[in-house]
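**Q** Given next are the chains, with one letter for each unit.
Number of protein chains: 2
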Amino acid sequence: MDSNLDALFKPRSVALIGASAKELSIGNVIIKNLLHYQYKGPIYPINPKIDELRGLKVYPSILDVPAEVELAHIVIPPPFVPQEVENCGKKGVKAIIINTAGFKEMGAAGQALEDDFLRRAKKYGIRIFGPNCQGTINSDPEIRAYCDFTFTYPEPGYISIVAQSGGVGAVIMQAFHDMSIGMRMYASNGNGSDVSIPEIISYYGNDEGTRAIVLYVESLDNPEEFMEVAKEVSAKKPILAMTAGRTDKGAEASRSHIGGLAGSISMDLIFKKTGILSFDNQEELCHAAVAFAYQPIPKGRRVGILTNTGGPSVIAIDELVNNGLDIPQLSDHAKEILKESMFESASIHNPLDIAATAGAPQFKSALDTLLKEDQYDSLYLNFVTPPFVDCESVAHEIAEVSKKKLKPVVCNYMTDKENYKPTTAILKEGEVPCFDFAETAAKALSALVRYQDIRSQKKGKTELFSDVDKDSVRKILDGAKQEKREVLNAFEVYSILAAYQIPHAKWELASSSTEAVIKANKIGYPVVIKADAEHIIHKSDVGGVAINIENENEVRKTTEKMHSLLGNDVNFFIQQFLTSGKELIIGAKAEQGVGHIIMFGLGGIFVELLKDVSFSISPISDVEAMKLINEIKAAPLIHGYRGEKGMNKQKIKECIQRISLLVSDFPEIKELDLNPLFAFGDEIWVVDARMIL
Amino acid sequence: MDSNLDALFKPRSVALIGASAKELSIGNVIIKNLLHYQYKGPIYPINPKIDELRGLKVYPSILDVPAEVELAHIVIPPPFVPQEVENCGKKGVKAIIINTAGFKEMGAAGQALEDDFLRRAKKYGIRIFGPNCQGTINSDPEIRAYCDFTFTYPEPGYISIVAQSGGVGAVIMQAFHDMSIGMRMYASNGNGSDVSIPEIISYYGNDEGTRAIVLYVESLDNPEEFMEVAKEVSAKKPILAMTAGRTDKGAEASRSHIGGLAGSISMDLIFKKTGILSFDNQEELCHAAVAFAYQPIPKGRRVGILTNTGGPSVIAIDELVNNGLDIPQLSDHAKEILKESMFESASIHNPLDIAATAGAPQFKSALDTLLKEDQYDSLYLNFVTPPFVDCESVAHEIAEVSKKKLKPVVCNYMTDKENYKPTTAILKEGEVPCFDFAETAAKALSALVRYQDIRSQKKGKTELFSDVDKDSVRKILDGAKQEKREVLNAFEVYSILAAYQIPHAKWELASSSTEAVIKANKIGYPVVIKADAEHIIHKSDVGGVAINIENENEVRKTTEKMHSLLGNDVNFFIQQFLTSGKELIIGAKAEQGVGHIIMFGLGGIFVELLKDVSFSISPISDVEAMKLINEIKAAPLIHGYRGEKGMNKQKIKECIQRISLLVSDFPEIKELDLNPLFAFGDEIWVVDARMIL
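Chains as they are written, first to last, in the numbering used here: chain S, 32 to 724; chain W, 32 to 724.
No lab work stands behind these hints: they were computed from the structure. Where hints are given, some of them may not hold.
[To be verified] Quick list of in silico lysine-lysine cross-link-like pairs, DSSO-like style, CA-CA up to 30 Å: (1) S:K537 to S:K490; (2) W:K642 to S:K658; (3) S:K459 to W:K395; (4) W:K642 to S:K403; (5) W:K680 to S:K642; (6) S:K642 to W:K459; (7) S:K490 to S:K459; (8) S:K452 to W:K63; (9) S:K267 to S:K490; (10) W:K658 to S:K664; (11) W:K642 to S:K680; (12) S:K680 to W:K658; (13) S:K71 to S:K122; (14) S:K676 to W:K613; (15) S:K448 to W:K537; (16) W:K448 to S:K452; (17) S:K682 to S:K664; (18) S:K370 to W:K53; (19) S:K490 to S:K512; (20) S:K452 to S:K537; (21) S:K501 to S:K620; (22) W:K366 to S:K280; (23) W:K267 to W:K490; (24) S:K452 to W:K452; (25) S:K330 to S:K436; (26) S:K280 to W:K658; (27) S:K613 to W:K592; (28) W:K403 to S:K280; (29) S:K53 to S:K88; (30) W:K490 to W:K620; (31) S:K53 to W:K370; (32) S:K452 to W:K459; (33) W:K592 to W:K537; (34) S:K436 to S:K490; (35) S:K267 to S:K452; (36) W:K501 to W:K680.
My request is simple: use the sequences and hints to build the entire structure.
**A** See the structure below:
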């Protein structure tokens, strides 16, 4: 995607249609914000009833502005919006931010108005931002465009924000402000009728001043477009994202306030698939963004800890270890150096506790040593400001190491920032990410490692399996569609599995008792017999399933009984009866615009009670398939647990990939369930399967 | 406990032995702090070499002070401390804060000095606080004692802090300060050689100005004393606590910086047993404390949500629901009222989204309605400050409702506090707990509900089971002790189980093959035979265990083979061989000063792979035993899952209680394992057990 949104983020001039003298109004606040933020271009308030506003000349109409207008806000009531869009078109405006609410989100009448202004905008090639939105901000000192009615005035910085919810966007922007961290660009596009979130992400991706992108999103209008853009951008720079509405109640609330459909069930999977760093907490997300804005990405997960206070390092270690980071010991060489340079009260380990009495010389030696130690990929600092130490000098040493950007540094900086302003300023100037708590600093560092994990992960190969028989599956599905059947019958399901070489229990079809006996003999005993006819939905409820049939005689008796019970038009699906294998489940479910969500797990209580399953989005590469297998908690049972022989992971992996290929080849398969697959020794066999179109 | 620590927290005069003119020294900083904080009593700096310090007269010795001294700091090097304690005794000082480090934590020489000054203090009845500590603070406007070298000057408030780690204590105090929340009292007692954490908790418990107690603790010198005090105090007011060193690496770090032993494994259980609210994150703890300081405890878990912005309420609901809170719908009556008073864009549900345009009248009507609604126990607010709304008036309405203290209110207050100072001040004056993020506000509210849960929980009854035979257990244990055996043999173990009426598989002892046959016949087949002799530790490794013995002949052959293999002095433990029951585990492990930790779980992979076990501290009441059973994730398998009959929960519960009684009656039992117990139908049977003294 190659959107040019310069008119929105770097406007050379801004008009406001609906400028107002009323202080508590959007038409006033946006002018105030542009002025307060010292916007570098001309501002044209539009209102036929007033002449002057906050010292600016007011024009009766956009058409009366005597110069070019690149960006216009519209803040007047909905019914008047389409005409003003038309006027903007005539004026040659390139982009419009419609702040006004009362369109799609209010029902059919609003939707009609939205359609109307969109049609007009398209006619003139105008991009529409909104409606029902806050707007955009660009903190670039050359631009300083505050085209928004929010209340936080960010310093320039490296993080750009795009938020579907203006409330959440404002909270995140404010959080960076409260941490004295600047922001680069901001966008909250409300209903997103034209300019979309993927376009904005793409724009930030191409913006050199943006080092990290922060995203809040509840639902996607076009998941495919989103995934394509997110994959491309996240390979270049980190996208830190959060969704909400994970609980049923939360999803309900999200639907009621946005004109879309909440899809947070799959949103986390979309994040995962596209290399987006997912968070479930705004504050953690903001803290991580600070680390990304200021520090390089670590090469690995090994942390050297330097502390001048005990308790916080214990807390930090708990958090780092829980996040999968390693705390390797100091080398003997380092220990020798440190023993000489530290006070007696220092504890020469990792964590390196140099005690509260440590001053700049001790910090310098400790920092240099940890930086040089090959076994550390990053540095974690606890720095409390003891009133009996020259903390400014200590801060200088920390800032020096941070500026080198050889290894990422995060700092749990424990102080009263009001009383320690110079110290705080030195750390800020050194771009040291400072956090109030050990946990938050540790989590921010862990996010850097998580991004490195994602980046260094092999994507793997999506196998295309030349041995599959696509044509026969096509025929089966077309047949079912012609008959307007959504649920495939057993014959169809197992024929499809066969066509895609998915191992399954042997089966045969028979229409009479005599044929059933012949076919059962062919399969070998014991067998399962299922009555197969379109009118029978819940087979076992009506006596249409018989398991563990052990001989000819039983086959005859069973099939005769089913014929007399269910009618002579019933066919018999006869299948090898397998027991005592270990149960596995593979499932697939189509998601609008996303592809299929593939599920893997162990069967029985593992899926039903313990919910121990893993998910990914198709197409699944070999690496992703293996990850699905290894991600479940009970994975050791697959690998071989406590001396018991494991299952054949290669075969399970291949089966997942073949299912992924099947649903990718035939997106009309809405649901597919292999439940269970049995793993015996070195083999796996599907023993029950279901497909829905 | 009834400690009078007034001399430490309400000193009428303070001396500082080791006052220093050097600005960056503890002997200077404490004087500075006392002055800066406007301490209400006289301050006596002590130093023979200077006459004046920060405008105060300096005395050569504590003995030269011409008035009574209630509290003294000692900040001089360790070797000089004992003599100064002696001098303080002569002077009649009541309490001493020894800030100096270099005692017990530095090894034997330090320990000797610590013993020395403690002995002298005891002689004079002086209480010692520290050494190696920060000190105490009391923000009471009548006192304003800042007997500490930290750097945060708290406003008066309702929360008192006690922290084993000064670093963590300082972080927490600073966090309250950053939130503009006051603090009542502060204590960080370092090595805790005399005045202990339980004493401080008890003192805060009796302090009327303290509404909530915040505790950070890594290890306990006297768990018994701690538990007794914590139980008593937590029934009166909330104790919010955190421990660290939960990971192995973290525990290691905690041991290296404190002269004790980290016991965080059991610390969380101690918190649970004594009604302490446990946190695993400093920030969450601080946020919860704010809610406790300002708001009443809710009667239940039903939350009414009022919001003027969409996204944050979606996030809030996710967090509230994840914490087990309920979001019931508005009543029809409330909906009618609200439809009339709200703007058209409002969404009249729970969450009640009154939109960003809502002003004070809309907030007032919404707040009043939610407050009156019977189905809400608490109110959660999202309040963003739209620049086009009179936010001060809105804040007034929120403050009014908060002040009524009818139902607890928490507020996710989203603003730039610098730009919205008057609005912020109104909320503060109304004691509205304000949080920057939806998640943090929701978590704070959840903590109030959690405290209500704890308080309203029935403690249950600790059954004493009159049918147990204590005497025979006494004899067995005494016998083993006389023989200096730590591991009890099978005969002893099963006799003890029998004495405490714990159901177990039938068993007999035999010394010859002939006797074995008789006994096996008596039990009934199949049986297990285990060789039983002191010199055989790992029975199965040496051919000393044979399972599933089905008849006389096999009994004879097996026992003969064991005799020839292991020697004729070997006895045989013959036991009913049970299979195919569902496996359960009950364990007990003695913890120094705590009692026994009791573990419960399902056997096999549930305990080994999924770590799905629950813990509690003995003695276990009936309510606690049932909780142990219900707490595991796989509990539905016990209750009866998907049509399968459940186990007999009453019998399991009773078994847990009997084991609890056994280890309470005989604390010398160091470890006890019933692994597995088999549950068949309505019965349970211990089939393997182990006890260690």
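**Q** Of the hints stated earlier, which fail here?
**A** 1, 3, 4, 6, 7, 12, 15, 19, 20, 27, 35
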